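Chain order of the listed sequences is A and B.
Reading the first sequence from the start, the letters are residues 1 to 370 in UniProt numbering.
Reading the second sequence from the start, the letters are residues 1 to 198 in UniProt numbering.
Derived from the structure by calculation, the hints contain no laboratory data.
From a predicted model like this one, the values you see are computed outputs, not experimental measurements.
Some hints could be false.
[Said to hold, decoys possible] Label pairs and their calculated CB-CB ranges:
id, chain 1, residue 1, chain 2, residue 2, range
1, B, Gly19, A, Glu31, 26 to 36 Å
2, B, Thr24, A, Arg267, 13 to 23 Å
3, B, Ser13, A, Gln306, 18 to 28 Å
4, A, Arg158, B, Ile20, 46 to 56 Å
5, B, Leu54, A, Gln306, 31 to 41 Å
6, B, Lys89, A, Arg158, 23 to 33 Å
[Stated by the list, open to error] Below are the EDC-like pairs computed for lysine to aspartate or glutamate, each with C-alpha atoms no more than 16 Å apart in a straight line:
id, chain 1, residue 1, chain 2, residue 2
7, B, Lys81, B, Glu193
8, A, Lys367, A, Asp20
9, A, Lys173, B, Glu120
10, B, Lys117, A, Glu84
11, B, Lys23, A, Asp66
12, B, Lys51, B, Glu66
13, A, Lys125, A, Asp20
14, A, Lys245, A, Glu205
15, B, Lys89, B, Glu185
16, A, Lys173, B, Asp184
17, A, Lys69, A, Asp57
18, A, Lys102, B, Asp179
19, A, Lys95, A, Glu84
20, A, Lys69, A, Glu31
All C-beta atoms, glycine included, are put in the ideal place defined by N, C-alpha and C.
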Amino acid sequence: MYLEHLELAHFRNYDSLALDFSPQTNVLIGENAQGKTNLLEAVYVLSLARSHRTNDDKSLIQWGHDFAKLSGVIQRRVGRLPLEIVLSHKGKRAKINHLEQKRLSQYVGQFNVILFAPEDLGLVKGSPAGRRRFIDMEFGQINHQYLYNITQYRSILRQRNLYLRSLQRHQAKDLVYLEVLSDQLSGFGAEIIWARKNFLQQMSEYANAQQQQITQQREQLIFNYQTVLPTAEIQSSEQLYQYLKEQYQKQQKRELQQGTTALGPHRDDVSFIVNDKNVQTFGSQGQQRTVALSLKLAEIEMMKAQTGETPVLLLDDVLSELDDLRQTHLLQTIHNRVQTFLTTTSLDGVARDIIGQPTTFTVSSGKVIH
Amino acid sequence: MQYPEAIAKLIESYMKLPGIGSKTATRLAFFTIDMDEEDVKEFAESLLAAKRDLHYCSICGNITDEDPCEICRDANRDQSKILVVEQPKDIMALEKMNDYQGLYHVLHGVLSPMDGKGPEDLNIAPLIKRLQKSEVNEVIIATNASPEGESTAMYLARLIKPAGIKVTRLAHGLSVGSDIEYADEMTLQRAVEGRQEM
Ligand SMILES: Nc1ncnc2c1ncn2[C@@H]1O[C@H](COP(=O)(O)OP(=O)(O)OP(=O)(O)O)[C@@H](O)[C@H]1O
Ligand SMILES: [Mg+2]
Ligand SMILES: [Zn+2]
Chain A
1 MYLEHLELAH
11 FRNYDSLALD
21 FSPQTNVLIG
31 ENAQGKTNLL
41 EAVYVLSLAR
51 SHRTNDDKSL
61 IQWGHDFAKL
71 SGVIQRRVGR
81 LPLEIVLSHK
91 GKRAKINHLE
101 QKRLSQYVGQ
111 FNVILFAPED
121 LGLVKGSPAG
131 RRRFIDMEFG
141 QINHQYLYNI
151 TQYRSILRQR
161 NLYLRSLQRH
171 QAKDLVYLEV
181 LSDQLSGFGA
191 EIIWARKNFL
201 QQMSEYANAQ
211 QQQITQQREQ
221 LIFNYQTVLP
231 TAEIQSSEQL
241 YQYLKEQYQK
251 QQKRELQQGT
261 TALGPHRDDV
271 SFIVNDKNVQ
281 TFGSQGQQRT
291 VALSLKLAEI
301 EMMKAQTGET
311 PVLLLDDVLS
321 ELDDLRQTHL
331 LQTIHNRVQT
341 FLTTTSLDGV
351 ARDIIGQPTT
361 FTVSSGKVIH
Chain B
1 MQYPEAIAKL
11 IESYMKLPGI
21 GSKTATRLAF
31 FTIDMDEEDV
41 KEFAESLLAA
51 KRDLHYCSIC
61 GNITDEDPCE
71 ICRDANRDQS
81 KILVVEQPKD
91 IMALEKMNDY
101 QGLYHVLHGV
111 LSPMDGKGPE
121 DLNIAPLIKR
131 LQKSEVNEVI
141 IATNASPEGE
151 STAMYLARLI
161 KPAGIKVTRL
171 AHGLSVGSDI
181 EYADEMTLQR
191 AVEGRQEM
């Protein structure tokens, strides 16, 4: 799939903008702080109805205005599809084909993007929360049910933590309600863990294939999913649900003392094992970067396999961060296959022989010249 | 320029209503000034009358001008079923479909620690008392399909079932997350008919 047309009104430093894009490589060139990342962010928001760099939707609205509007037309194998997001101080509204969607989880998934920014190079080394967000964004795009379960889980978790805190402070005393919340949390938690387990297994294979290609077969990459899932005896999400319920019962005393939920998928993590060693602790910086790149390329393959469409790739300032070998591998993999938006301050040092003749746009203080 | 005090006050009052910001409030205030005096009088009187004459039914928690409410007083209704809803307006929606003949109970909210609502803050204890001295053999829980609506339903089921009373939940032909208030009559009817034992 690809993004054919984009219009922005009052989004970040764009007052108003209308652009047509190439189905192949689109290069956004400009000095610092001109709006290159803002433009990629707009594409990202059109896809996922949220930003990759802030949780505060209001900061996306141009200063001094009270709404931002993003609309785009995407091309898929089955035809064109208009999408629209309006952000205002009251919240956000999303339309598919001019029809307003009641739930954002229904909107997400029509238009798939994968973003690769310098921060992603730190995915391997960074915090577990970063890796969980990565998993949720990736799987959520492919699987509505997963996204729904995650949102439900989060809101029950928040309620449960607040209730545990008031029990801890003796402001509440009803343990039946706590059990109800534990039950609900176990239900969604089991579905999430089960889905993550299966997804990660699949993705691990795609990522390993990429890793081997980049390293000329020298490195083998395996994912290691760390969760509350006890080993082999659990064969289904139903069994996992029962197991989680028991665990919450066992942990009740501790949870009441600490006033917070002790276990569940909100504590999950995944580690990356290269040639039998955890790259997070033992890998060189170069190896960690290779893993990050393999992950991103695996995302493309995985989305393609799951949805039948290649997602759109957003590369924010990453080319300059990759050495020649990795840059070449990345560009070869996407060339002529994946619509790509690439930001850079200059085209020097970019392997132009591979991209061929990209469509370039010059970005300068919230204006874009083709 | 500043608005004359009377207008400023009116705008302020409109802004106290849910979902109304300063822009809408200003528009409404100026509209009110242009209205016929008669209409304005009627409007003001209905506001006062609503506040003066309406209270909550001491049995079921519904809004009523007489206590007990019309439904609780009606001996022809099926006294063996109680349908539990979040808000009085849910009763309106269910009564419109003209199919359910039993009694109601209004919780006035759902369990939500985030909004400071624990079990003691809802109209739950009176429901349990009501069940102890009645011939009710089925409680139908019709809280919304939000996570909080679900917790509340599960919580009530745990309290009520040990007393040997059947507890059922509306079949959510209502799509997940949708509110009773907004469901159409056909959907509601199907939801009540297809209710499932908890
Ligand atoms: N809500 C907003 N309204 C108006 N302008 C904004 C808003 N948010 C950010 N900006 C402006 O956008 C600019 C940053 O744009 P952006 O992050 O896209 O830069 P960039 O071109 O990617 O630069 P770099 O090369 O440094 O990454 C800043 O000048 C900032 O002041
Ligand atoms: Mg940038
Ligand atoms: Zn009543």
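Consistency of the hints with the structure:
1. In this structure the supplied range 26 to 36 Å is violated for Gly19(B) paired with Glu31(A), their Cβ-Cβ distance being about 44 Å.
2. Range check, Thr24(B) to Arg267(A): about 45 Å between beta-carbon atoms, so the 13 to 23 Å window is missed.
3. Distance hint for Ser13(B) and Gln306(A): a CB-CB separation of about 54 Å, inconsistent with the stated range 18 to 28 Å.
4. At about 28 Å, the CB distance of Arg158(A) to Ile20(B) disagrees with the hint of 46 to 56 Å.
5. Taking 31 to 41 Å as the suggested C-beta distance range, the pair Leu54(B) and Gln306(A) does not conform, at roughly 55 Å.
6. Distance hint check: the CB atoms of Lys89(B) and Arg158(A) are about 26 Å apart, consistent with the given range 23 to 33 Å.
7. Between Lys81(B) and Glu193(B) the alpha-carbon distance is near 13 Å, which keeps this suggested pair within the 16 Å criterion.
8. Between Lys367(A) and Asp20(A) the alpha-carbon distance is near 14 Å, which keeps this suggested pair within the 16 Å criterion.
9. Taken as a hint, the Lys173(A) and Glu120(B) pair is honoured in the structure, with Cα atoms around 10 Å apart against an allowance of 16 Å.
10. At roughly 36 Å between alpha-carbon atoms, Lys117(B) and Glu84(A) are farther apart than 16 Å, so this suggested pair is violated.
11. About 12 Å separates the Cα atoms of Lys23(B) and Asp66(A), which keeps this hinted pair within 16 Å; it holds.
12. Simply put, Lys51(B) and Glu66(B) have alpha-carbon atoms about 13 Å apart, close enough for the 16 Å limit, and the pair holds.
13. Taking the CA atoms of Lys125(A) and Asp20(A), the gap is near 37 Å; set against the 16 Å cutoff, the hint is violated.
14. A hinted pair counts as satisfied when its Cα atoms are at most 16 Å apart, and Lys245(A) with Glu205(A) does not qualify at roughly 32 Å.
15. Between the alpha carbons of Lys89(B) and Glu185(B) the distance comes to roughly 14 Å, so the proposed pair stays at or under 16 Å and holds.
16. With a CA separation close to 39 Å, the supplied pair Lys173(A) and Asp184(B) exceeds the 16 Å bound.
17. The straight-line distance between the Cα atoms of Lys69(A) and Asp57(A) is roughly 12 Å, inside the 16 Å bound, and the hint therefore holds.
18. Taking the CA atoms of Lys102(A) and Asp179(B), the gap is about 12 Å. The hint holds against a cut of 16 Å.
19. In summary, the hint linking Lys95(A) to Glu84(A) is supported, as the alpha carbons are separated by about 5 Å, within the 16 Å threshold.
20. For a cut-off of 16 Å, the pair hint linking Lys69(A) to Glu31(A) is broken: about 25 Å separates their Cα positions.
The structure fails hints 1, 2, 3, 4, 5, 10, 13, 14, 16 and 20 (numbered hints given earlier, in ascending order).
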